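Which chain is which? The protein sequence lines are A and B, in order.
Residue numbering for the first sequence follows numbering that gives the first Met the number 0, starting at 0 and increasing by one per position.
Residue numbering for the second sequence follows numbering that gives the first Met the number 0, starting at 0 and increasing by one per position.
What the hints contain is simulated information worked out from the structure, not anything from laboratory work.
Calculated lysine-lysine pairs in the DSSO-like style (CA-CA distance at most 27 Å, straight line):
hint : chain 1 : residue 1 : chain 2 : residue 2
1    : A       : Lys43     : B       : Lys258
2    : A       : Lys43     : B       : Lys266
3    : A       : Lys204    : B       : Lys2
4    : A       : Lys195    : B       : Lys12
5    : B       : Lys262    : A       : Lys46
6    : B       : Lys6      : B       : Lys43
7    : A       : Lys204    : B       : Lys12
8    : A       : Lys204    : B       : Lys43
9    : B       : Lys190    : A       : Lys46
10   : B       : Lys12     : A       : Lys197
11   : A       : Lys43     : A       : Lys160
12   : B       : Lys265    : A       : Lys43
13   : A       : Lys197    : B       : Lys43
14   : B       : Lys12     : A       : Lys247
15   : B       : Lys12     : A       : Lys244
16   : B       : Lys190    : B       : Lys258
17   : A       : Lys43     : B       : Lys262
Far from chain B, some chain A residues (derived; all Cβ distances over 12 Å):
hint : residue
18   : Asn156
19   : Leu182
20   : Lys185
21   : Pro367
Keep in mind the model is a prediction, meaning the values are calculated, not measured.
Backbone N, C-alpha and C fix where the C-beta goes; we use that ideal spot for every residue, glycine too.
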Amino acid sequence: MSKKIMLLQGNEACVEGALAAGMRFYAGYPITPSTEIAEISAEKLPKVGGKFIQMEDELASMGAVIGASLAGLKSMTATSGPGFSLKQENIGFACLTEVPCVVVNVQRGGPSTGLPTLPAQGDVMQTRWGTHGDHPIIVISPFSVREVYDMTIRAFNLSEKYRVPCILLMDEVVAHMRERVELPEKSSIDIINRKKIKPTILDYKPYMDYDGDCILPMANFGEGIPYHVTGLIHDISGSPSSDQKVTKTLLNRLMSKIYNNVADIIEYEKIYTEDAETVIVTFGTTARSVLRAVCLLRQEGLKIGLLRLKTIWPFAHMAIKELTQTPVKNLIVAEMNYGQLMETVKASAEGAFSVYGLNKYNGELITPQEVIDKVKEVAERA
Amino acid sequence: MRKELQKYFRNDKLPHIWCPGCGHGIITGAVIRAIDNLNLEQSKICIVSGIGCSSRAPGYMNFNTLHTTHGRALAFATGIKMANHDLKVIVLTGDGDCSAIGGNHFIHAARRNIDITTIVFNNSIYGMTSGQYSPMTPKGAFATTAPYGNIDRNFDLCKLGQSAGATYVARGTVYHVPQLIKLIEKALKHKGFSLIDVVDICPTYFGRRNKMGSPVIMMEKIREMSITAKTAAKLSPEELSGKIVIGEFCEEKAPEYTKEYNKIIKKAQGGNQNG
Ligand SMILES: Cc1ncc(C[n+]2csc(CCOP(=O)(O)OP(=O)(O)O)c2C)c(N)n1
Ligand code: SF4
Ligand SMILES: [Mg+2]
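The shape of chain A in the complex, shown without the other chains:
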């Protein structure tokens, strides 16, 4: 088979990746800059026997996605700021009931209706804490069209593996940008499916940690094993409980299934960090400008490095710890917001570095020149 080379938009790559991962259900409500994901899904899903539905709002879309996933289909929805706010209620339901699903959030300027057609990275904290209560969640963020494809597959894989909602955090630029991409052979793509029940299990307890790894096997509705699912705190049988021990055990397991596996879940990329004095921490589209700036500064002989977070949550504390083994003195956190990720980086640095923010929130990308200026400013201050 010849290699598949295509000129793809980020949103198109997202649907291609989702289909390659096995998406067979999409429910959504249109919103810029995510709408193409719905439109392309509407066209492509029925071709592979999948289902698309445009729901009456984002609350309903998120509910339908969870319902379809419980009935056995890999399911996704996509939205942007205002819609992402509405999805939070049922994202929390999926977290607690452990129903796999993928939620794409193509960020635009906020708050409220904000800047519908312009990029921002203002939802970093909302992806982590948007729904109420302590809950586990995985958030990953791509910086190129090819990475949108790969990360959409990864989002499905992580969500199926850990039975947790996985949020693909994009922004307007990566969603609408077109790039020439070479898609991998289907046979070379790793696909992970939810853990099935062993046939030896006769009396299925839907929330029992059979394997002791905090990750539960899942029966799909309609496969012949009736069971109960509730958004109330529940015991191993799935029934509501307000017992203190049951509550604590459940919440601990939900957290452990993610935090015991950070080595598998967290991905990041380090460039020129070994000898760098200043490292720029960034993610998503902003990383493109930073990468350019780092290359230019290196040509000038400045010792600059880049730490690009591919997984945003759980946060890559180990990446920050690794930097303490290098000559790095300064961290600059570049993001299109008021400094949401910077607070976490600061906490993670525990005073080991001086942490500065490069923040822009006017609907424009951070440019390479702005990165260069910031680096020089920091160098002078230091």
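Given chain A, put chain B with the ligands in place with the hints provided.
Here is chain B with the ligands on its own, set in the frame of chain A:
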């Protein structure tokens, strides 16, 4: 209860949370009897609910059961039915769950005519949160949030459902149980969106606040107020006021949503083959 019906319950989850005299158990029992009468396959039934006293019913019922978020049961149910149309999907919901916070999902599910049976436990009050007025609380009635009497006008859920596109619509009550079972059977057999508005009682909050007396008296009141849809057709609006009209309001054949979507799949795949 007949012994043969035990298999439909999660007996180890009893006793239930409902107050003595609550009507919710009667409706739950009617749903179970209708399922049994129709001999439906237990593992192919999926019961979905929202939040409220009524929405706790599925927890006691031995099927694929899903207790979702407040008002959203129909959205989840739509995803389930789309994903697997072999499942018989039933939504159990309260009057508040269905017509207030879930009102938008309700009219849109009806509009699509998706094959889901929705049974509303209509006790005219928010029971679970201890007695605030719902969109089904009659004008003039008292509730904790209507201490001077309710000025909101209530919905006629059957009219609302029918005008939104539901293709089987009926009303029953917790007093007329044999009729209720028959109506649920018909709704379950119907191919399309079916709605049964069940007039129910909440003696604890609606009953006490409105000085209605014991659950038995509340049931008697339902009997007194009820008239058939046929009789109602001959009455003037004045004569109808204060009456509960029970029976079937519509039974229509119309394209069902998941069947229509299957045609889309055929169309899309046909297009594929032709390049
Ligand atoms: C989003 C949200 N808002 C409010 C509530 C609080 N709440 C729980 S049940 C309920 C009303 C339920 O009334 P109804 O649907 O009529 O059921 P009933 O208890 O009367 O059977 C409310 C307001 C909630 N759980 N979730
Ligand atoms: S509060 Fe009302 S609706 Fe709830 S269980 Fe008690 S009687 Fe039933
Ligand atoms: Mg009620």
